[in-house]
Amino acid sequence: MTSFDVIAIGGGHNGLVAAATLAKAGRKVVVLEAASAVGGAARTEEFAPGFRVSAVAHLLNRLHPDVVKTLELEKHGLQFARTDFLPSVALSTGGPALVLYGAYGEVLTGASSAEQSAWKELRAQLLRYAGILKPFLSRRPPDLAGMSFKETAALGQAALSLKKLGKEDMRDFLRVLLMNVADLLDEQLADDRLKGLLAFDATLGSHLGPRSPTSLLGLYYRLAGEAGGAAGAQLLPRGGMGAVVTAIRAAAEKAGVTIRTSISVAKIIVENGRAAGVALDNSEVLRARTIVSAINPATTLLDLVGPREIDTGFLRKVKNIRMKGDAAKLHLALDRPPQFTGADAADHKGRLVIAPSPDHVERAFNPSKYGEFSPEPVMEITLPSLADPSLAPSGACVLSAVVQYAPYQLKDGWNAGKPKLLKAIMAQLESYAPGIGKTVQHSELLTPVDIEARYRIPGGHWHHGELQADQMLISRPVSGWSGYDTPLDGLFLAGAGSHPGGGVSGAPGLNAARRIIAMKG
Amino acid sequence: MAQATRKKPTSKAADPIVSARITAQSHFRTLRFGTPFQPRIDALAKTQDWYNWAGYRAPYSLWDEELEYFAIRSQAALFDISPMTKYRVEGPGAEAFLDRVTLRDVTKLKPGRVHYTAWCDDEGFVLDDGTLFRLSPTRFRLCSQERHLPWLLDSAIGFEVTVEEETEAVAGLALQGPTSFAVLRDAGFIGIEKLKAFDLAEFEHDGATLTISRTGFTGDLGYELFFSADQALSLWDRLMTAGEPRGIRAIGYTALNRARLEAGLIVANADFTTAEHAIRADRLRMPDEIGLGFMVDAEKDHFNGRRAILEARARRKLRHVLVGLEIEGNIPAEHAIVYCKKSQEVGLVSAAMWSPMAKRNIAIASLARPYGDTMVEDLWVEIYAMRELQYQKLMKRAKVVQRPFIKLDRRTANPPADF
Amino acid sequence: MKAWDAIIIGGGHNGLVNACYLQRAGLDVLVVEKNDWVGGAATSRELTPGFLYSNCSYVCSLFRPEIMRDLELPRFGLQVISYEGGAVFTRDGDYLANYRDHDAHRREFARFSRRDAEAYDRYARDVTRQCRFIQPLLMRTAPDPTSFRPRDIGELLYLGKKFAGLSAEEMALTLRFWTISISDFLDEYFETDVIKANFALSGIIGTALGPMSPGTAYVLLHHYMGEVDGSVGAWGYARGGMGAVTRALTASFKASGGTIRTGAEVDHVLVGRGKAKGVVLAGGEEIYGKLVVSNADVKRTFLKLVEEKELPDIFLRRVKNFKIRGSSGKVNIALDSLPEFPALPKDSPVYRGDMHFTDSMERMERAYDDWKAGRWSADPFLDMVIPTTLDPTMAPSGKHFMSCFVQYAPPKVSGRDWTDADRDGFAESVIAQIAEYSPGFRDRIVHMEVRTPREIEAEVGLSEGNIFQGELTFDQLLFNRPVPGYAQYRSPVGGLYMCGSSTHPGGGVMGAPGRNAAAEILRDLAKSTSHMSPAHDVI
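Residue numbers (my numbering), protein chains in the order written: chain R, 78 to 598; chain H, 20 to 438; chain Y, 34 to 572.
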């Protein structure tokens with residue numbers, strides 16, 4: 078039997094990134110994936126005969142450059158260029174859409190000239206401030222109890238870049254850091270469509286409304302990401318989202334990683350406070366010096382390790398991680414491409430957003446607090462088959478939408494709720510793309526409960542834990558254990574539940590691998 | 020205007036849970052509850068000297084704290100321990116659960132046995148100490164000073180076990196002193212002579228089951244009795260009647276507190292601060308810092324605080340030590356500061372007394388390591404004795420000594436002697 | 034013409050505290066107050082014969098004891114009496130009470146959940162730890178993190194050292210505590226909705242946030258930082274109503290030689306060559322002073338009382354961006370007899386405490402949703418007290434004064450100004466709620482005063498009717514309060530200072546802003562501050 082230095086649990090992109098990075102550092106690594114294919118929430122699947130779609134993640138906007146570089150993903154077929162940057166289109170039912178072109182709106186169209194210059198200023202400011210936070214993405218959160226020289230130096234560096242902003246800019250940075258996004262937008266912008274789009278982006282994937290304090294952090298998180306070397310950019314790589322996983326997988330295999338699919342881990346074996354291996358559900362046992370889990374932290378610690386091997390306080394913290402998703406995913410198989418009002422052909426290849434104003438987003442958020450879905454949901458839509466015709470039969474079209482707010486714990490239960498939500502979404506789509514309803518061949522709506530079941534994401538939350546201020550940085554996944562280590566020697570976490578969080582970034586996987594290497598694990 | 024989401028408050032409801040809850044409202048009229056023995060204790064309470072024990076009216080003394088102490092050491096003393104916090108832990112996973120929660124190896128605790136144990140938080144800081152009674156293979160009772168239901172329930176996740184708080188439902192009595200065995204035997208508890216120290220067994224009283232263990236908090240021969248609160252008075256009477264010829268006396272806490280100090284036993288939130296109550300981070304204590312290191316079993320399966328405790332040992336991060344002191348003279352050194360070389364402050368006395376049994380001036384103190392640990396020479400205590408509105412300041416030499424301060428053979432003698 | 038050493042605009046409690054300290058430092062101080070009475074939001078007024086109304090602020094806890102001592106307020110009649118309890122009424126005919134006695138408190142919680150009953154101690158410990166961290170900061174000027182001045186660096190180091198003195202666990206908890214919602218925070222301790230609602234109310238009082246908004250755990254802390262004679266977190270009534278606070282301050286001020294002019298509304302601050310020289314009253318009268326201190330909120334001060342040209346753009350922009358959000362109203366009621374609550378035993382101490390009817394987090398949050406939509410809450414959250422149960426001086430014998438603090442009430446109704454009909458509708462939502470729990474309540478009402486944000490703004494002078502003179506969110510705390518760069522009581526206009534609740538550490542009848550501002554002013558004048566007690570030790 079082959080023996081491995083490292084067992085990586087979960088073949089999502091973070092698991093693959095961690096595995097590949099460790100393999101490149103000379104470890105013998107095996108990746109265990111429960112599904113029949115790797116890629117996790119970033120994999121591409123057929124949802125109707127002849128129609129395929131990238132399951133949860135449908136755009137690339139934050140694949141970390143260190144990941145691209147370390148794994149040489151470009152050599153492995155991941156190609157993108159500035160020309161691939163996709164616009165964000167703020168749809169409206171009457172009149173032309175407002176469009177952000179380039180990397181998060183280098184050019185804004187459809188707005189007044191006053192709004193354009195206000196946006197130019199705000200955009201620059203947002204990117205400047207997000208830039209301060211950016212270095213944190215690729216580092217371990219500082220260890221408050223015993224900060225090493227390196228960590229202190231890193232914090233000092235952040236302080237220095239803060240000082241470099243200049244006094245007044247620094248003051249504004251410190252003021253707005255934990256502010257709500259709606260207030261900031263109201264301070265600087267006037268156009269509801271633009272504000273609605275930004276409010277949507279700030280709250281996408283979180284249980285916050287634009288008027289919730291700290292919601293601006295969501296926008297920073299978005300803008301701290303980059304694609305194709307430009308902060309805030311979004312794109313679909315050549316060949317679609319599937320190409321990302323394919324490239325990472327190729328890098329991993331090239332580095333010698335063994336990938337085993339359709340094999341799920343039943344238990345992490347703990348011996349004398351140390352993770353010693355895993356028991357598979359086929360009762361096979363694999364042992365290794367290091368176990369790195371790129372699946373959900375709660376699943377890892379509560380199910381695979383089990384409460385008996387961890388302390389009660391830690392168990393409490395893990396159980397207290399808030400990870401109830403509010404985002405549903407809609408896939409439509411359409412006879413032909415839809416026509417969204419006010420959007421031109423190029424716009425249709427971009428990201429189309431229905432979020433008419435911050436207030437609208439806020440109103441959509443309200444019911445989710447009480448276990449009800451939004452009667453007028455907000456959403457971002459892509460039509461991936463326009464860029465990659467192989468995803469749909471000739472002439473037909475795939476629509477992929479992330480829809481909020483659809484709370485995991487729906488009061489009435491999702492069995493009863495799902496058809497009602499679908500109806501609400503279709504009504505919303507119909508008013509922005511009249512006639513779309515008649516072209517639907519097949520629809521698939523994944524509620525957070527479906528996402529949980531299909532992708533083994535507890536709560537169906539793609540960040541594997543709310544990405545809010547109190548669950549970020551040193552508090553992610555739980556305070557005291559934010560640096561990818563766990564109370565069990567030899568067990569590390571590398572998934573989106575760890576710092577810095579979710580999205581197809583690979584940063585948690587990369588950071589975890591670096592930590593393991595530093596710990597000589 | 021929005022539709023009112025308000026629902027009208029219903030009238031006093033038919034729902035039995037709600038009506039039971041409403042019936043319980045009246046507790047606010049009695050801030051200090053009586054225990055199940057209160058009628059008997061009230062009748063004996065000549066000093067009317069009460070304190071608040073976890074919301075119960077408990078006696079410091081009943082008639083004479085000095086003589087109450089001697090009742091423990093020369094006769095039989097009856098002390099009401101009903102206010103002690105009690106949890107019933109039951110289920111096929113009870114053993115594994117308790118083994119994970121507490122420091123000692125519960126798999127070694129056989130049914131019919133009791134052990135003194137403690138439990139810690141993740142950081143290895145002591146949440147409380149207490150006694151664990153194994154009533155059957157799957158049934159336990161955990162007794163403690165403080166309350167821990169959320170901790171116990173959260174710790175129970177993943178174990179097949181139920182945890183219920185039963186403080187009010189279960190009455191408790193400690194019968195302590197040389198004639199305690201004879202009293203129980205004379206009261207008709209057949210087979211009581213078979214109980215060795217830390218044994219427990221079930222007996223019958225008034226058609227109901229009663230648990231008696233050979234345990235106590237005095238360092239003397241003694242027993243503890245637990246049974247249903249509603250039958251408390253008849254049991255009290257049974258013991259008092261049988262004990263009359265053997266000099267049985269009801270006592271208050273002051274007497275018991277002296278006996279426990281002679282026995283070298285510590286009291287939570289008197290000799291150390293429990294972790295869930297410590298506001299100041301530096302008041303937290305690990306088992307090794309309060310003399311409970313012997314409980315830590317590094318060989319057994321995982322238990323709360325294991326990682327932190329073992330790491331603190333390995334990295335020599337322990338900061339305190341709890342020691343027994345013998346102090347020259349006879350003036351009690353309660354809450355005196357401990358010095359090294361009469362000048363450097365190294366710790367604090369938490370409990371002290373002149374021991375009538377040991378004929379020594381004894382104390383329990385917490386010292387900052389290495390004092391009390393590797394450095395035990397030249398220790399002093401500064402006693403501030405208030406005498407007629409003036410402090411008499413005394414600097415007295417203190418010697419670190421083994422606890423218990425007294426060791427009584429009768430405590431463990433088998434069969435117990437008939438005094 | 035006489036030039037005062039200092040002119041204080043506004044005779045609220047902070048203005049008076051500031052005035053007292055300056056006067057006692059030997060300055061010749063004048064307080065000018067728009068109303069015919071002083072007190073701002075801390076007043077007791079006889080609105081109907083025989084009844085004293087604490088018609089804005091109604092309870093006392095946060096007022097710093099150091100200030101009470103320095104200004105000899107007990108000697109001038111201030112006496113604070115602790116509540117005896119409190120309760121949330123539940124819709125099933127029961128209530129959850131808070132009792133002062135620790136064991137009674139536990140037994141009360143155990144009626145609902147034994148687990149929650151035993152969870153309280155850990156909750157109290159964690160909140161107490163946070164209070165101990167924050168409390169010493171109240172009586173200090175917030176450091177400017179962008180500054181390299183030795184004092185700021187020193188204060189930053191002090192903060193850093195305090196933080197470093199925490200255990201790693203506490204540090205993490207502190208950082209979380211500042212950003213988490215009170216709802217999420219309570220979920221980590223308790224399982225029972227009404228118990229959570231019982232604690233959550235301190236996280237929302239005075240703010241335009243719901244219990245599910247991040248940052249509300251901090252607001253809870255703001256309400257827990259107070260004390261009544263060393264009993265931390267306790268709340269009480271000022272004997273004679275909240276006006277007793279300002280009456281004592283006034284007496285103290287006058288006894289030390291200070292001057293107050295009431296009925297003197299300031300039209301604007303006189304500025305010459307970038308320096309404040311005095312004030313001009315509404316009637317045109319000019320009063321000269323070497324320095325001017327404004328007790329008004331930052332928006333009123335700089336957008337109404339100072340000409341725009343005197344202020345740098347960036348400062349103006351930040352002042353305009355300061356969030357003052359009216360979120361509450363008051364319904365003050367004179368009653369001909371003590372109302373009965375059938376759910377509450379007649380001998381319950383709860384009558385002598387604060388009462389609430391919002392028994393779930395959802396109801397509390399939904400009340401907030403109404404506010405966000407520009408409506409007053411259909412099912413409002415009430416903080417209701419009957420101070421006359423402990424203080425017989427406020428009403429004729431056998432009769433009672435009741436104060437209802439009400440959330441949420443928006444500064445504007447659906448974007449327009451409040452109308453009298455709106456005000457009546459708002460009052461009705463309150464009376465209807467009380468009457469549901471207290472049959473016959475309406476018949477006991479002798480007189481009622483209803484204050485929406487409109488009335489609070491017009492009569493008290495608090496912009497938008499916000500009781501804290503500005504939201505207590507992180508972007509407006511510490512060095513951000515009221516605006517970055519001017520968080521040390523000074524302003525871009527030389528000799529013009531701020532001392533209201535818009536400044537650090539914020540609102541509530543605390544007095545700390547007034548005191549801290551006085552310390553900064555005296556520092557600028559190179560005068561002694563030896564008459565100012567340092568913050569009490571937290572040991």
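A portion of the hints provided could be inaccurate.
Claimed, not checked - Derived lysine-lysine pairs resembling DSS-like cross-links, with alpha carbons at most 30 Å apart:
no. : chain 1 : residue 1 : chain 2 : residue 2
1   : Y       : Lys194    : R       : Lys241
2   : R       : Lys488    : Y       : Lys353
3   : Y       : Lys405    : R       : Lys495
4   : Y       : Lys356    : R       : Lys197
5   : R       : Lys197    : Y       : Lys194
6   : Y       : Lys332    : R       : Lys244
7   : R       : Lys344    : H       : Lys418
8   : H       : Lys378    : H       : Lys319
To be verified - Chain R stretches covered by chain Y per the calculated footprint, using a threshold of three residues with CB under 8 Å from any CB of chain Y:
no. : segment
9   : 87-99
10  : 271-281
11  : 433-447
These are computed hints drawn from the structure, not numbers from a lab. Idealized CB from N, CA, C, for every residue including glycine.
Cross-check of the supplied hints:
no., hint, verdict
1, Lys194(Y) <-> Lys241(R), "holds, 25 Å"
2, Lys488(R) <-> Lys353(Y), "violated, 42 Å"
3, Lys405(Y) <-> Lys495(R), "holds, 28 Å"
4, Lys356(Y) <-> Lys197(R), "holds, 24 Å"
5, Lys197(R) <-> Lys194(Y), "violated, 41 Å"
6, Lys332(Y) <-> Lys244(R), "holds, 23 Å"
7, Lys344(R) <-> Lys418(H), "violated, 53 Å"
8, Lys378(H) <-> Lys319(H), "violated, 41 Å"
9, 87-99, "violated (count 0)"
10, 271-281, "violated (count 0)"
11, 433-447, "holds (count 5)"
In terms of the numbered hints stated before, the structure departs from hints 2, 5, 7, 8, 9, 10, listed from lowest to highest.
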